[in-house]
Amino acid sequence: KAGVTQTPRYLIKTRGQQVTLSCSPISGHRSVSWYQQTPGQGLQFLFEYFSETQRNKGNFPGRFSGRQFSNSRSEMNVSTLELGDSALYLCASAPLGGGYGYTFGSGTRLTVV
Amino acid sequence: KNEVEQSPQNLTAQEGEFITINCSYSVGISALHWLQQHPGGGIVSLFMLSSGKKKHGRLIATINIQEKHSSLHITASHPRDSAVYICAVGEGNQFYFGTGTSLTVIP
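Residue numbers (my numbering), protein chains in the order written: chain A, 1 to 113; chain B, 1 to 107.
Derived by calculation from the structure, the hints in this document are not laboratory data. There could be a bad hint or two in this list.
Over 12 Å on every C-beta distance to chain B, these chain A residues come out as not near it, computed from the model [stated by the list, open to error]:
1. ALA2
2. SER33
3. LEU43
Pairwise CB distance ranges, derived in the manner of DEER restraints [stated by the list, open to error]:
4. A:SER27 to B:HIS56: 19 to 27 Å
5. B:SER30 to A:SER70: 24 to 32 Å
6. A:THR14 to B:PHE18: 18 to 26 Å
7. B:SER102 to A:SER27: 44 to 52 Å
8. A:SER22 to B:VAL44: 17 to 25 Å
9. A:GLN54 to B:VAL44: 23 to 31 Å
10. A:THR14 to B:ILE60: 44 to 52 Å
Cβ atoms here follow ideal geometry from the backbone N, Cα and C, with glycine treated the same way.
Put together the whole structure using the sequences plus the hints.
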């Protein structure tokens with residue numbers, strides 16, 4: 001079966017712009033969670049969506065937002081980009097969440113210049 | 001204090017050596033994952049554990065819930081095992097990640 005698909009794979013944006021990243025989960029998975037990975041902070045949890053509702057949110061500013069559609073596809077948006085937002089953004093899908101059965105996508109590498 | 005602590009941070013081994021990576025956590029747990037990340041970024045989930053031991057090929061993962069500790073073992077290590085190994089603890093709908101162990105296996 002198809003895995004978790006993240007698009008685009010690479011992205012370069014200018015400081016102050018906004019960006020939208022997309023994650024298509026494995027068919028049947030209803031939980032999608034997002035993570036940021038930077039060399040200094042490692043992997044950090046951004047937020048988790050289940051059935052179009054945000055269930056949990058990490059400690060990130062309001063510039064980071066997301067949503068989930070009825071087909072479980074999810075988008076993450078970052079507004080007013082800062083240089084420090086340069087990172088690998090990963091999403092993972094799971095049937096129900098709760099720590100079980102997560103499959104990770106390959107990530108979107110965002111560079112802010 | 002980090003919710004998930006991994007050791008060692010870096011590890012270099014000769015091909016064929018037995019490798020152990022350790023993970024200790026302080027949060028409640030619904031499941032613990034061992035992840036592998038190769039250069040380039042993609043993450044692969046190797047194991048998901050909530051108790052006991054799992055084996056897949058040359059990889060073995062164990063977890064001790066009482067001691068809040070898990071280990072990942074690689075038997076007969078190979079250069080293609082060179083990667084970053086990350087311990088991730090799922091508490092409810094949130095994950096906490098270790099900082100990763102960078103493994104280099106030398107031929």
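To see whether the hints hold, each was checked on the structure:
1. Once the 12 Å rule is applied to beta carbons, A:ALA2 is consistent with being away from chain B; the minimum gap is 15 Å.
2. For A:SER33, the requirement that its beta carbon stay farther than 12 Å from each beta carbon of chain B is not met, with the minimum near 7 Å.
3. Once the 12 Å rule is applied to beta carbons, A:LEU43 is inconsistent with being away from chain B; the minimum gap is 4 Å.
4. The beta-carbon spacing between A:SER27 and B:HIS56, approximately 24 Å, falls within the hinted interval of 19 to 27 Å.
5. Remark: the range hint 24 to 32 Å for B:SER30 to A:SER70 is upheld by a beta-carbon distance near 26 Å.
6. The hint said 18 to 26 Å for the Cβ distance between A:THR14 and B:PHE18, and at roughly 49 Å that hint is violated.
7. B:SER102 and A:SER27 have their C-beta atoms about 34 Å apart, which leaves the hinted 44 to 52 Å range violated.
8. Range check, A:SER22 to B:VAL44: about 21 Å between beta-carbon atoms, so the 17 to 25 Å window is met.
9. In this structure, A:GLN54 and B:VAL44 meet the distance hint of 23 to 31 Å, their C-beta atoms being roughly 26 Å apart.
10. Taking 44 to 52 Å as the suggested C-beta distance range, the pair A:THR14 and B:ILE60 conforms, at roughly 47 Å.
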